[in-house]
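A.B. asks: Protein chains in written order, with the working numbering: chain S, 2 to 303; chain H, 2 to 303; chain A, 2 to 303; chain V, 2 to 303.
Any given hint might turn out to be false.
Copies of the same chain are indistinguishable here, so a pair counts whether it falls within one copy or spans any two.
Said to hold, decoys possible - With a Cα cut of at most 20 Å, we get these calculated EDC-like pairs of lysine to aspartate or glutamate:
hint: 1; residue 1: Lys102; residue 2: Glu167
hint: 2; residue 1: Lys40; residue 2: Glu52
hint: 3; residue 1: Lys177; residue 2: Glu167
hint: 4; residue 1: Lys48; residue 2: Glu34
hint: 5; residue 1: Lys140; residue 2: Asp101
hint: 6; residue 1: Lys102; residue 2: Glu15
hint: 7; residue 1: Lys102; residue 2: Glu34
hint: 8; residue 1: Lys40; residue 2: Glu69
hint: 9; residue 1: Lys193; residue 2: Glu69
hint: 10; residue 1: Lys56; residue 2: Asp203
hint: 11; residue 1: Lys146; residue 2: Glu69
Simulated from the structure, these hints should not be mistaken for lab results.
Bear in mind that the values here come from a model prediction, so they are computed numbers and not experimental data.
4 protein chains.
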Amino acid sequence: MMGSYRVRTDLALEATERFTEENVEIRGVEVKEDYNEEKDIRTTVVKIRTENGAKTMGRPQGNYITIEAPNLSVPDEDYHREVSEEVARHLRQLIDLDSDKSILVVGLGNQGITADSLGPHVVENMHMTRHIIREYGLKGLGEEKMHCTSGIIPGVMAQTGMETSEIVEGVVSEIKPDVVIAIDALAARSVKRLNRTIQITDTGIHPGSGVGNHRVGLTEENLQVKVIGIGVPTVVDAATIVHDSMAHLLDALEEAEQKEFLEEMIPPHLHSMFVTPKDVDETMKYLSFTISEGLNMAFAQN
Amino acid sequence: MMGSYRVRTDLALEATERFTEENVEIRGVEVKEDYNEEKDIRTTVVKIRTENGAKTMGRPQGNYITIEAPNLSVPDEDYHREVSEEVARHLRQLIDLDSDKSILVVGLGNQGITADSLGPHVVENMHMTRHIIREYGLKGLGEEKMHCTSGIIPGVMAQTGMETSEIVEGVVSEIKPDVVIAIDALAARSVKRLNRTIQITDTGIHPGSGVGNHRVGLTEENLQVKVIGIGVPTVVDAATIVHDSMAHLLDALEEAEQKEFLEEMIPPHLHSMFVTPKDVDETMKYLSFTISEGLNMAFAQN
Amino acid sequence: MMGSYRVRTDLALEATERFTEENVEIRGVEVKEDYNEEKDIRTTVVKIRTENGAKTMGRPQGNYITIEAPNLSVPDEDYHREVSEEVARHLRQLIDLDSDKSILVVGLGNQGITADSLGPHVVENMHMTRHIIREYGLKGLGEEKMHCTSGIIPGVMAQTGMETSEIVEGVVSEIKPDVVIAIDALAARSVKRLNRTIQITDTGIHPGSGVGNHRVGLTEENLQVKVIGIGVPTVVDAATIVHDSMAHLLDALEEAEQKEFLEEMIPPHLHSMFVTPKDVDETMKYLSFTISEGLNMAFAQN
Amino acid sequence: MMGSYRVRTDLALEATERFTEENVEIRGVEVKEDYNEEKDIRTTVVKIRTENGAKTMGRPQGNYITIEAPNLSVPDEDYHREVSEEVARHLRQLIDLDSDKSILVVGLGNQGITADSLGPHVVENMHMTRHIIREYGLKGLGEEKMHCTSGIIPGVMAQTGMETSEIVEGVVSEIKPDVVIAIDALAARSVKRLNRTIQITDTGIHPGSGVGNHRVGLTEENLQVKVIGIGVPTVVDAATIVHDSMAHLLDALEEAEQKEFLEEMIPPHLHSMFVTPKDVDETMKYLSFTISEGLNMAFAQN
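Extracted from the complex, chain S is given alone in its bound form (with noise of 0.2 Å):
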């Protein structure tokens, strides 16, 4: 009923929650549930197919995996490694890694600033090795098969005075990887999502997407190689709390011609805000230690 103000998520599950709730089908996009019942992880695959489905999405054609596990923010070992799992199968379907490949991992966002650190923390968690086979060769490591993969943390704009996407430019002009994984936090729209959601696509990383909100994306058009982008919503738009707040209220209220009036109510300053839980550094690590670890696992040569 409020779809006149277009809230702000990265997740394409919840892109498609406006439509699933009025039972609508989305002409283009395919939806696929699984839940694993045992494990409580649920994982939905998203496939926006034709232009058009892009269009009603708002976000261009590619398959959008998305795990959802609730105990995700909480130290459980066994449980992390569960979903450390479920990272790796869905990126060996997303990447052919039957023959070697060269992996680069971009760790976006801000160091300094806890909630969008989810990136560089997982590239300070992964085991890099592109030096390691270019200093003995897989014959000297007595391997006959290895992933070569390297990672970059770029930090932000404010910090460089570059765009971001200027930096892995050209860091993969001269690397010349056969894939980019990059790592970034997200936002969501809502608060039950937040550390507990881990969204993995072949679309890449686009404008105006992340806690930091990039200019520029980082896809496969841009890069000339092939862009995986794995997020977690870490933070959701103080005015989306807002307005679904209000819009709950409307609704309840029957006022459907106060819509406008909303729309200007939302303080502009606010844009310029995020929410965050306030056990977000606990969860940081965990998150990341996860990811990283799925990470490992898929290209754990075996």
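Given the coordinates of chain S, work out where chains H, A and V should sit on it, guided by the hints.
C.D. replies: Positioned in the frame of chain S, the structure of chains H, A and V alone reads:
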């Protein structure tokens, strides 16, 4: 009008606004405002003088000085010096610094959460003299008079397993300072006060205040020594923002009967979130520097 | 032969080597070595039994357990678990954990200096239970028995203006734990022991020990409560390395008359330097994790 | 006399000392010293003019400016400003700043190791303008002229799997700056130069230099753009200290025939250690601030 819902604020100034909006004088409470136009610094002193005034205001008797300095989160060195001097001036009024004093500075908050890291940053920036005085003596240092400063960053309960107050009580019983100065990041009611307001009070730190919501206060009653609290609002309760927007809407709709309904609509999980500006890491640096300089100035020998 | 120059070591094991090299038995001192070949972990227990032995050894009466584990600075999870269990086993022998105990862990050292940050890291990694027990009680937690753990990172004197021991004394007088466990980074004499040796002692921490050279000890005498010290050598005194090399050279040259000359040649500024491995940040992570896991295991209810 | 063993130093000044001690003039090398007594700042300019001079000195042709400022590791704001101005002055001579320049600052080193974190700290402290100029244009900013500054912290190979030079080459090919300024922590030969000496050179950064021992250089030849290297010695090779002490001893003993023996005696593991002052974290702050202020001054529009 929405007075039935007590929104959270750690600023005494904001607690008076409920009344001043309605042009009500609060019995037992004195408010004096001073605006320095040239420097663009507004200082408001709220004096709660009676038990009755304390009850109405929801906080203990004492002095609450609020320095509002709009450019505090901007890197302007001269402006910051002005504010530091203002802080120092008020401290000299609250603490009798004519004779040598021993001062323990307590940096409350969680270093791992940017918005809660004000206190630790302040302690890190300060010059401590206690160990130097004990080593060389005043004569050895060529000084006739010198305040003895020491500081502690007690951490938070999830890290230590102890109430912060327990740690501080222990250190106070050992060090026996004349004054404790507790620095903390606060919650404001209004987004526009974030990171540009400094509150100084001789009533210490009270239960339920601060970003981390202290469960036990740091007060003269508990510590048996004078306690000055210095705080800067760095967060606004997410629930407050929702509440304010909805109240504003309801007022406009003149739906007075909907108030009770409103209370029920604030989702409980919002109470464990906070709203924080996206550039919080930058401003944190400026703020902590400004306050620690104010302290350094106040306790410098002269 | 070079015995006239007392090189600095915080390891009791190294203090015995002076004598064992010369096949001398030290009266009042008992040394028992155990080597687990399969696990490649060597444990040496040095018991100083008499006042005379203490004098010869230059450290107080008590038990000194040294665990030498060559792979400790390598990321091998299984190996680290073995060492954690070894640490836990010895702690259970030193502390009677049959009845509930209240344990205060003190993370000594300077977080700002990588090689001195062991203690703080250990406290950060530990699970603290004190606040949970106080909140819910054992019955509420469904436990019959549970050790009560708390921790503090006291910082260093240049930051706090207080002796570390003053802070700890204050907290102990407030919390009244049954045992204090103080974790610290140590200085070794031999480069080959760095980051691969853990010393556990029931004599606490003594003046002049640790990377930061504590001026006052944390001992049962001072704190009126049992104190276990756990340390890992992370630095070697720069002067020691120079001394050893020169002594070795002199021995080879059979220039016995040059000893006095040697003492004068160690430049005094070297005493304010330390030698540290280039990969100290990596190993710090593994080590602190291993020790904190050992503590977690020891105090887990069972 | 001990010339056969090439001790490691990144300072050209120290490379000349071998010769000046012996009162030898080095052909093709010009050394000019200037001492400002009032300010207590000594500036030495070493110009390597010929291929022959480069061979003798073991480093490429070019200018090496060394600023020795004994109080650099002490918190004296005025003194630091003097040194910043000295740095700015030399940069203005090495770079033609009459017309607008685009400058990329590269912060080399490892943030996780205090002694190697100079470069990252400098980049963090600098004001970057590139994104602002691109956003608003010079006219929009009310400026006629403004240098365009950007910066990157490339990390180290163990974290990224890439040679630092690969990352920088990529970014340079994308950004196309006029000048690259690479900041790095260096190794000195003499303990007394640590943290009080700044070297500026127009020859860039060369393989084998820096605390982290770069394997590939950042030079005009590699990057196809002018490269200024700025470094501060923060470590001395542990092997150097041992070597120097032993050489000194041997000289005294007049045991010239023992030299070969000496080479064999430096334990190989020492080459993976470094010597660092115990207060390295404090001085790091002062140093990085001083250099970044020098850069800020040099590139400020005026």
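A.B. asks: All hints, please: hold or fail.
C.D. replies: Structure-based check of all given hints:
no. : hint            : result
1   : Lys102 - Glu167 : between (23 Å within a copy, 19 Å between copies)
2   : Lys40 - Glu52   : neither (36 Å within a copy, 57 Å between copies)
3   : Lys177 - Glu167 : both (15 Å within a copy, 11 Å between copies)
4   : Lys48 - Glu34   : within (11 Å within a copy, 61 Å between copies)
5   : Lys140 - Asp101 : within (14 Å within a copy, 51 Å between copies)
6   : Lys102 - Glu15  : neither (32 Å within a copy, 46 Å between copies)
7   : Lys102 - Glu34  : neither (30 Å within a copy, 49 Å between copies)
8   : Lys40 - Glu69   : within (11 Å within a copy, 40 Å between copies)
9   : Lys193 - Glu69  : within (10 Å within a copy, 36 Å between copies)
10  : Lys56 - Asp203  : within (17 Å within a copy, 53 Å between copies)
11  : Lys146 - Glu69  : neither (33 Å within a copy, 36 Å between copies)
The structure shown violates the earlier hints numbered 2, 6, 7, 11.
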